[in-house]
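Novice: The hints should help you fit chain B onto chain A, whose structure is shown.
Below are the chains, spelled out letter by letter.
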Amino acid sequence: MSTVANTPVRVAADVQRKGEAGLWRDAARRFFKNKLAVAALVVAVILILTAIFANLIAPAPYDYSVIGDALQFPNRQHLLGTDSVGRDFLSRLIYGARISMIVGFSVQAIAVLIGVSLGMLAGLLGGWVDYLVMRCVEVLTAIPGILFALFLISVFGGGLRNVILAIALVGWIDLCRLTRAQFLTLREKDYVLAARSIGTSPFQIATRHLLPNALAPLIVAVTLGIPSAIFTEASLSFLGLGINDPLPSWGKMVADANSYIRVYWHLGLFPTLLIATTMLSFSFVGDGLRDALDPHLNK
Amino acid sequence: MARYLLGRLIGLVGVFIAVSMVAFLLMHSIPGGPFDEEKSPLPPAARANILRKYGLDRPLYIQYLRYMGSALHGDFGISFQNPTETVLQTIGRTWPVSLRLGGLTIICALPLGILLGIIAAVKQNTWIDYVATFVSTLGLTVPNFVIATWLLLLFAVRLHWLPTGGWNGWRTWIMPVIALGLGPMALAARYTRSSLIEVMRADYIRTARAKGLSGTMVIMRHALKNALIPLITILGPQVPNLVTGTIFVEVIFRVPGLGKFFVSSIYLRDYPMLMATMLLVALLWSTTYLLSDILYTVVDPRVRLYGD
Numbered sequence: 001m002s003t004v005a006n007t008p009v010r011v012a013a014d015v016q017r018k019g020e021a022g023l024w025r026d027a028a029r030r031f032f033k034n035k036l037a038v039a040a041l042v043v044a045v046i047l048i049l050t051a052i053f054a055n056l057i058a059p060a061p062y063d064y065s066v067i068g069d070a071l072q073f074p075n076r077q078h079l080l081g082t083d084s085v086g087r088d089f090l091s092r093l094i095y096g097a098r099i100s101m102i103v104g105f106s107v108q109a110i111a112v113l114i115g116v117s118l119g120m121l122a123g124l125l126g127g128w129v130d131y132l133v134m135r136c137v138e139v140l141t142a143i144p145g146i147l148f149a150l151f152l153i154s155v156f157g158g159g160l161r162n163v164i165l166a167i168a169l170v171g172w173i174d175l176c177r178l179t180r181a182q183f184l185t186l187r188e189k190d191y192v193l194a195a196r197s198i199g200t201s202p203f204q205i206a207t208r209h210l211l212p213n214a215l216a217p218l219i220v221a222v223t224l225g226i227p228s229a230i231f232t233e234a235s236l237s238f239l240g241l242g243i244n245d246p247l248p249s250w251g252k253m254v255a256d257a258n259s260y261i262r263v264y265w266h267l268g269l270f271p272t273l274l275i276a277t278t279m280l281s282f283s284f285v286g287d288g289l290r291d292a293l294d295p296h297l298n299k
Numbered sequence: 001m002a003r004y005l006l007g008r009l010i011g012l013v014g015v016f017i018a019v020s021m022v023a024f025l026l027m028h029s030i031p032g033g034p035f036d037e038e039k040s041p042l043p044p045a046a047r048a049n050i051l052r053k054y055g056l057d058r059p060l061y062i063q064y065l066r067y068m069g070s071a072l073h074g075d076f077g078i079s080f081q082n083p084t085e086t087v088l089q090t091i092g093r094t095w096p097v098s099l100r101l102g103g104l105t106i107i108c109a110l111p112l113g114i115l116l117g118i119i120a121a122v123k124q125n126t127w128i129d130y131v132a133t134f135v136s137t138l139g140l141t142v143p144n145f146v147i148a149t150w151l152l153l154l155f156a157v158r159l160h161w162l163p164t165g166g167w168n169g170w171r172t173w174i175m176p177v178i179a180l181g182l183g184p185m186a187l188a189a190r191y192t193r194s195s196l197i198e199v200m201r202a203d204y205i206r207t208a209r210a211k212g213l214s215g216t217m218v219i220m221r222h223a224l225k226n227a228l229i230p231l232i233t234i235l236g237p238q239v240p241n242l243v244t245g246t247i248f249v250e251v252i253f254r255v256p257g258l259g260k261f262f263v264s265s266i267y268l269r270d271y272p273m274l275m276a277t278m279l280l281v282a283l284l285w286s287t288t289y290l291l292s293d294i295l296y297t298v299v300d301p302r303v304r305l306y307g308d
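As you go down the protein sequences, you meet chains A and B in turn. For the first sequence, my numbering gives the first residue as 1, with consecutive numbering after it. For the second sequence, my numbering gives the first residue as 1, with consecutive numbering after it.
Same shape as in the complex, but just chain A (with noise of 0.2 Å):
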């Protein structure tokens, strides 16, 4: 007896999950016949790999400094050159890609666990809830992100942590909002009002009905946030009002060669030049990765 009314059930849920790894096989395929998108997750991952192991490759500590070594054009002792307290440049870059990526994970790690609940909860409940997360966001997006950052950061002292903070908690917003509005339309759909009617707990249909019918669109939008925390952050830094010396942040190092930047040609362009490309790599992945999911062109 029990067998037979359990073979319907399991059928069932072998359809659902061929049909899931079938999604993101598809989304896989499309976005690895992407070249450009390609091209920039191997840069991209190689970034990521030069944060983690930097201890590793960098041929030396981010903070030792020889001053008698300073303003060094680059040499075959100092492949990328000294700064102006005679640090050497390239350990510190590689040292600024691990800060560049621990603030643009953090952020979205915090951004998202802000935003995509507060979201959910939004978009489900309604009512009430939602009209005050929705005025919380409204006052939130009357100023820009950057100078609500400045702000925060002026207000508790700068460093590595309350960067992060103080990016995370302009961050949340965007993945808010995009929760929230795929919420009210997914809540509508008939499988919804299928679950609800065999008595699915909203806990449950929240996280095992809409949040998965969701998560392309914050997949891309988590991506395309990476790059985004990593802009503020430099920016941040530009100001002087990030990231402390000696901890290397690429913006606080375009700011530093910005008086010397007349002779000292270098201080400036390499720093620049990795900005540039994390933001690039980051966001063509991004690109890729919507265009790879995006349900639109799922024909």
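Worth flagging that the hints you see were computed from the coordinates, not collected in a lab. A virtual CB, placed ideally from N, CA and C, is assigned to each residue, including glycine. Be aware that a few hints might be false.
What the hints assert, rightly or not - Below, simulated DSS-like cross-link-like pairs (lysine-lysine); rule was C-alpha separation at most 27 Å, straight line:
1. B:225 <-> B:211
2. A:33 <-> B:123
3. B:123 <-> B:225
4. A:35 <-> B:211
5. B:211 <-> B:123
As the list claims (entries may be wrong) - Stretches of chain A that chain B covers, calculated by requiring three or more beta carbons in the stretch to come under 8 Å of a beta carbon on chain B:
6. 58-65
7. 140-151
8. 235-243
9. 257-265
Specialist: The following block gives chain B in isolation, referenced to the frame of chain A:
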């Protein structure tokens, strides 16, 4: 329409009040004040006097209400870093510089961006399209201080064509305008391109072609008019965006505008100055959003506002 407008305006005022409260609270939670011991060593009685003069000894909500009260009369107090001027005078002196920079940028960037977008759309998937796409991606993703540094390295350090900074004469305007304008130009180009490509597939374009109009004619008379509509919502908010964008460009090129002043206000904890700039930006930002929404319904009659 009237009801919708009224609702939006009330919402705008609400947001504005909330922003001012948040900014006020944040600013006053900064540890340390402008008249601290190490900055201005004064006898306690004199300090108490100064604190009373600026109202800094009163409870916070009184300070807030007082501030907003006089702000509504156009009195934003006296800038701490520039005690000979009122905040309004300082803004009046520095903002025109930023406005000119921003205005020049819009005048150059938007037509160029739209042109670039049209070319890219017409020559879709040729090398011109790829170059245009690459340039616009660069402008959209790379911070403008990076672009500014490259311009400096190329035109000032390498070629000696342009001065490295300052703000006197058109030669000093070129690099700030390019650095600031690449982003908006990129945005205009990208949206013109995708919107034009979409419009070109519409039936009325096929009709126009079928009746024998030339390619340029179809694009200019029929396609472009409709393709540029979505640009309004996207580019409207770019206008106040330029205000924040100028911060970096002004710092790097030493332009004596509001952005540069804003940064020094943060370093020096110049509350009145910070507060006034913050309110100014919030006001600009939310009104442009509202205006671009209204403009959108005027230009495109298919769009209806809620509450109509």
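Novice: Each of the hints needs a verdict: does it hold here or not?
Specialist: Status of each hint after checking the structure:
For the hint linking residue 225 of chain B to residue 211 of chain B, the alpha-carbon distance of about 19 Å falls within 27 Å, and the restraint holds. For the given pair, residue 33 of chain A sits about 23 Å from residue 123 of chain B by alpha-carbon distance, which is consistent with the 27 Å threshold. Proximity of residue 123 of chain B to residue 225 of chain B is assessed by CA-CA distance (about 19 Å); at most 27 Å being required, the pair is judged to hold. Restraint check: the Cα-Cα separation between residue 35 of chain A and residue 211 of chain B comes to about 40 Å, which exceeds 27 Å; the hinted pair is violated.
A hinted pair counts as satisfied when its Cα atoms are at most 27 Å apart, and residue 211 of chain B with residue 123 of chain B qualifies at roughly 22 Å. Look at the stretch 58-65 of chain A against chain B: 0 of its residues bring a Cβ nearer than 8 Å to a Cβ of that chain, fewer than three, so the hint is violated. With 7 residues having a Cβ less than 8 Å from any Cβ of chain B, the stretch 140-151 of chain A passes the three-residue criterion, so the hint holds. Note: the stretch 235-243 of chain A has 5 residues with beta-carbon separation from chain B under 8 Å; the three-residue rule is met and the coverage holds.
Coverage of the stretch 257-265 of chain A by chain B holds [criterion: at least 3 residues with CB-CB distance below 8 Å; count 5].
Hint compliance for this structure: hints 4, 6 are not met, and every other hint is.
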